[in-house]
Amino acid sequence: MRTPTEWYLVVSALLFTIGTVGVLVRRNALVIFMSIELQLNAVNLSLVAFSRQWGNLVGQVLAFFSMTVAAAEVVVGLAIIVALYRKRGSANVDDASLLRW
Amino acid sequence: MGFLILFWATASIAVASAIAMLFMRNAVHAALMLIVNFFCIAVFFLMLGSQFLFVVQIIVYAGAIMVLFLFVIMLLGVDRQEDLHERIPGQRWIAVLLGAGLVAEIVVAVRLGLGLSTGHAARLAALNRGGNVRALAAVLFNRYFFPFEVTSVLLIVAAVGVVLLGRRYAGDGTAARPAAIATRAGDGSGDGDGPAGTGGDPGGDLERVP
Amino acid sequence: MSLIPLVVLFPLVAAAVLLLTGRWWRGRSAGWLATAAIAASFGLAVALLLKLDAMPAAHRELVRHVYEWITVGTFTVGVTFQVDPLSIVMALTVTGIGSLIFLYSIGYMDGDGRYARYFAYLSLFVFFMLTLVLADNFLLLYVGWEGVGLCSYLLIGFWFERPAAANAAKKAFIVTRIGDAAFLIGIVLVWTHFHTLEFSAVFAGAGSSAFTTGSATVIALLFLAGAAGKSAQLPLHTWLPDAMEGPTPVSALIHAATMVTAGVYLIVRSLPIIERSPDAMTVIAVLGVVTSIYAGLSAIGQDDIKRVLAYSTISQVGLMLFAAGLGDPSAAIFLLVAHAFFKALLFLSAGSVIHGLHDEQDMMRMGGLRRAMPFTAAVWIVGALAIAGIPPLSGFFAKDEAVAAAGLLGRYGLWVCGLIASFLTAIYIGRATFMVFFGAPRYEGEPHEPAPVMRVPMGVLAIGTLFAGILGISPTTGILPTFLGAPEFPANAPSEFVLDTVAVVLGLAGLALAWFAYGSGRIDWVALRVRFAWVKRPLQRGLYVDDAYALVLGDGGKLAAAALAAFDRSWVDGIVGLVASATGSLASAGRRIQTGLVRTYAAAFLLGAVCVLWFLAARAT
Chain A
1 MRTPTEWYLV VSALLFTIGT VGVLVRRNAL VIFMSIELQL NAVNLSLVAF
51 SRQWGNLVGQ VLAFFSMTVA AAEVVVGLAI IVALYRKRGS ANVDDASLLR
101 W
Chain B
1 MGFLILFWAT ASIAVASAIA MLFMRNAVHA ALMLIVNFFC IAVFFLMLGS
51 QFLFVVQIIV YAGAIMVLFL FVIMLLGVDR QEDLHERIPG QRWIAVLLGA
101 GLVAEIVVAV RLGLGLSTGH AARLAALNRG GNVRALAAVL FNRYFFPFEV
151 TSVLLIVAAV GVVLLGRRYA GDGTAARPAA IATRAGDGSG DGDGPAGTGG
201 DPGGDLERVP
Chain C
1 MSLIPLVVLF PLVAAAVLLL TGRWWRGRSA GWLATAAIAA SFGLAVALLL
51 KLDAMPAAHR ELVRHVYEWI TVGTFTVGVT FQVDPLSIVM ALTVTGIGSL
101 IFLYSIGYMD GDGRYARYFA YLSLFVFFML TLVLADNFLL LYVGWEGVGL
151 CSYLLIGFWF ERPAAANAAK KAFIVTRIGD AAFLIGIVLV WTHFHTLEFS
201 AVFAGAGSSA FTTGSATVIA LLFLAGAAGK SAQLPLHTWL PDAMEGPTPV
251 SALIHAATMV TAGVYLIVRS LPIIERSPDA MTVIAVLGVV TSIYAGLSAI
301 GQDDIKRVLA YSTISQVGLM LFAAGLGDPS AAIFLLVAHA FFKALLFLSA
351 GSVIHGLHDE QDMMRMGGLR RAMPFTAAVW IVGALAIAGI PPLSGFFAKD
401 EAVAAAGLLG RYGLWVCGLI ASFLTAIYIG RATFMVFFGA PRYEGEPHEP
451 APVMRVPMGV LAIGTLFAGI LGISPTTGIL PTFLGAPEFP ANAPSEFVLD
501 TVAVVLGLAG LALAWFAYGS GRIDWVALRV RFAWVKRPLQ RGLYVDDAYA
551 LVLGDGGKLA AAALAAFDRS WVDGIVGLVA SATGSLASAG RRIQTGLVRT
601 YAAAFLLGAV CVLWFLAARA T
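Protein chains in written order, with my numbering: chain A, 1 to 101; chain B, 1 to 210; chain C, 1 to 621.
Treat the hints with caution; some may be incorrect.
What the hints assert, rightly or not - Covered stretches of chain B, going by a simulated chain C footprint (3 or more residues, C-beta under 8 Å):
#, region
1, 62-76
2, 100-107
Stated by the list, open to error - FRET-style restraints, in silico, Cβ to Cβ:
#, chain 1, residue 1, chain 2, residue 2, range
3, A, V76, B, V55, 23 to 29 Å
4, B, G161, A, G89, 22 to 28 Å
5, A, V76, C, L613, 46 to 52 Å
6, B, G63, C, S585, 56 to 62 Å
Since the hints were made in silico from the structure, they are not lab data.
By construction, the Cβ of each residue, glycine as well, lies at the ideal position given by its N, Cα and C atoms.
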């Protein structure tokens, strides 16, 4: 029998949540970024699952675009992290707290 | 039957590697765990009848994006062990609590069948008859042609942006390479500036910044 | 007819010229200009009198409309002057006595640094006073009323470098203000009832039955309050003794002959309204006589010669109101005219004494001056006899007629009170006379008689005081009563002769008592002063009425102000400060949200997302 779509959605939820917790808990900027990528992937998974559910390719197309844009985003994000690191000498996210009261 | 076993196995590995990524203190280890996770997701794509995305996931995500990550990690030397002590009070508790809440909500939503209706899986199979790639192309270049072009522009913009962001400025702690190139290119009369140049440290920009 | 506005305008022009160009007038020329202006007004007033006299008795009225001042809907007020027997008598008094006082001032104020301005203010005063008496409607009268109040303030405080003078000016203005406010309310009520402010229309309507006694009483009492303020009657009299800080001619003109009589004029003019309320009439008469007795007692205790005369003025004006309240307006006006003569004379004589002794006003430092200043002593004594009511001087005819009116009307209680007031009058004026001009000299220096320019007015006034009685020998058939309208006395009234004799006897008794105590040398009155200081002191302080005001209103006011200030500081400022500090505290607490840490912000996002999802899920189920 076909694996029910709900299972894929649950897995996707779990992965998404793990990514969210990672954003909140980790201090290294790069690891946080990686957690965000995990979140994106979880969403892609659920998109494709829905694509199968609905019987059309829209979900897959959207997942495709999501991957493309994620790639561009990673590139730019890493460039920013590199620039920040050069400026401050640290990749610890807690150190960038100039907006503190 | 086989699919079920495959599903459970892949799901377990995916979740386990994700959690492992969370707990890894070394950034490189975390990146490697994420790669494992991406492979699992690629398998999921395959199981869901999207062969094209299966391949693209491996090539783009695991092959390009994660490699980029690893480059940067090693470039910046941030692979040191991260300090375990949490300075923001209650942050971990909040994170776990909210995370649990999020999962619970989504599971409840899924259980209630929100957004799910009668499936048309057979249709997907029909669509995929000429191959997933062909079917995807048929949709992509017809209905979604404009977003496709826009995305390509986006990629160009991202590339330009990265070049700009990567520029160095004085006070960075690293020498500006353009100065060295300029003296070599032109004036034989020379100001006497060699690569040892204008008041920065003579090393290249690939040198590790302490 | 076109003479009428000129009467009012001459002093105004003199005032304007002197105000604008005063500093370029040399010597005494400013004084001569002002005197010429007022003398011209007097001449015109005499001409108008003759014109009026030639008209039949029932229609003696000349009206001259100058321009329409206010037109608002149905409310119209014009600058219109009305010459009738009452107003021409007032105008003649003002300009006549005024001319003499102006003449006197030329000499008295000689050498003062602000000579021209003095005459400017004085001329301005005459202008306003004439506006007051010649007005044909209540609002124009009120304009004159306020104007004379202003000029009084300017003139009392003429030597404003002296704090006492400045304070006295303020006090006069503020106390009369209270009366003025009541008067204004009265005018508004007149408008409410009659929808016009013109005398002729108002008084015609006052006779109708639609005008109730109650309304008449209210309006009458409000007018009385205004008169009490302006004419210095109880309880608004406290400003007049202090007003003696001004130059003596000012005291003579404004605070004896003219301004203080404006209240009497108002009451007499408004009698058609006031008569509709017998209760108000009684109140006026009683207030007048009570004030008269009170002021007489206070005059006995004064040591400053001008303050004696000030209280004397209060007392005499009280008698004028007394007569008006009894319903005998011609007696009131007759006393007004006679009083103008002899009070001005007494003031000018006092000024002469003060001038001669180089600004000494304390009677304890005078004495025996009749040898050094015989002329002044002679004219003073003429005035003193007049005010004491000794025949055949004018004071006898005027004052005793006013008092006798009570007897003739059968109101014996009031008559006795009037007699008491007369008795006190004789005592205090006798005391003053004997203290200043008789006995052993207690003064220092060489007093001298004043210059001729000052003696001529005094002499003219003395003559007038002697012979002005002609105007009203009989209360019913005399010249003035027939001109103004004689009263009617019941047929069974006691004979005038009896009443007058009683009054004369009392007057002589008062003078004799004063002579015995102060002039005969048989009593050591200097020692008695000390022994009876517990009697003298309250009298000198005017029975502490002024002090009571200062305590209740002055100190009470300061207390209230201090309380309010404290309340403002602690509560109002406190609340404002509280708002500010509360905002500060709130902000201080609120800014802790800005941790600057990305991860807390991320946690906030997640919290929000979870809540939204929960909401959506709950809605969908």
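Quick rundown of the hints versus the structure:
1. For the region 62-76 of chain B, the stated coverage by chain C is not satisfied: 0 residues place a CB nearer than 8 Å to a CB of that chain, which falls below the threshold of 3.
2. Residues of the region 100-107 of chain B lying with their CB closer than 8 Å to a CB of chain C number 4, which satisfies the three-residue condition for coverage.
3. Checked against the hint of 23 to 29 Å, the pair V76 (chain A) and V55 (chain B) passes, with Cβ atoms roughly 25 Å apart.
4. Remark: the range hint 22 to 28 Å for G161 (chain B) to G89 (chain A) is upheld by a beta-carbon distance near 23 Å.
5. The hinted window of 46 to 52 Å between V76 (chain A) and L613 (chain C) is violated, with their beta carbons roughly 29 Å apart.
6. Distance hint check: the CB atoms of G63 (chain B) and S585 (chain C) are about 57 Å apart, consistent with the given range 56 to 62 Å.
Hints 1 and 5, counting from the list given before, are not met by this structure.
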